[in-house]
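Enquirer: Top to bottom, those sequences are chains B and Z. Position in the first sequence counted from 1, then plus 219, gives you our numbering. Position in the second sequence counted from 1, then plus 42, gives you our numbering.
Read the hints as simulated data drawn from the structure, not as lab findings. Model, not experiment: these values are computed from the prediction.
Not the full set, but computed from the structure, chain B residues with beta-carbon under 7 Å of chain Z:
hint, residue
1, K255
2, V257
3, Q270
4, V271
5, K278
6, A287
7, N323
Glycine is no exception: its CB is placed at the ideal position from the N, C-alpha and C atoms.
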Amino acid sequence: MKFATCAVLASAIALTACGTNPRQPSESGVRYGDAKGVETVTNEFGSTDLQVIAENMAKKMLQSPVIANSSTVVRLRIEDVRNLTSEYIDTRMITNRIRRQLLNSGRVEFAVDDAGLQTQTDGLARQNNSGLYDSKTTSRTGKMEAEKYAVRGSIRAIVKRSANVKDVFYTFELSLTDKQRGVEVWSDDQEIRKVSGR
Amino acid sequence: MIERKKFITSLLLIAFAVWLPTAAQAQTMDGKLRRMGQTKDLNLEDLRAVRRNNLLTVQATLVQKAKRDTNINYRFKWLDDSGMKVTDDEVWNPKVIYAGQTFELTGIAPTPMATDFVIEIEGFK
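Please put together the full structure from these sequences, using the hints given.
Expert: Below, the structure is given as structure tokens:
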């Protein structure tokens, strides 16, 4: 009787443990990785490069005299980063990440870029021309605010190969241009070197 | 004899007064560095923080004591007055350190809400 009770209890505990074990090994070998970790699977442009470039360049730009010495929020317009390497790089990810980093500082704001302009004007037209909305609540046309500075970026690479070594040197450049004066007022870069053996 | 005792006591008190702030400072500096992996050869020589353009800016100076090149990953964690994180974790920054090199790790807080920080550093061969 005693043995039977113990066996039932042990089985119940074992079943409960199996059902709730958060570290149950996956049969497929799938596991989650650290999204902020250093990725060195290959020496092509990777997630770490994207994150390092975006974080560091945004911080450097916030220290530029144009933004740092401004007593008001600086209005910018960011253009898509140009990829001048031979690799395929989704530069929109870099652009978006730099924009988020800059916005979170509270020092800058962004005028709608080319990608969002059609949606913005469609929205204004819908509010003002459809006759569906109370005019007291609509956003009026002709009140959009233009940017004072344009943010432009590009990424380039130098690749060298030998029989045993591949060396990739990325340089990411970011600049601020005064739209009215047509003058570049700030520029900086971030360099990354990746070396792999065969 | 009593005068001599008084003199020695005074000297000890002065020495203690000089040592106490230095010891406290050292403890504070080391407390800002969270070490992982092989970092025993990295000495924190200097640590300074200033608020520049309303953003906390930190510079840590370290010395590599080992006689070989090593690799580190590092990142800053930005905190408020109560020690709570004010942003998501930053990305780990990879860096090559040469034997005997003195180098600086510089961090700029992404938001004015950051008033404190810690540096995470991971060393490996």
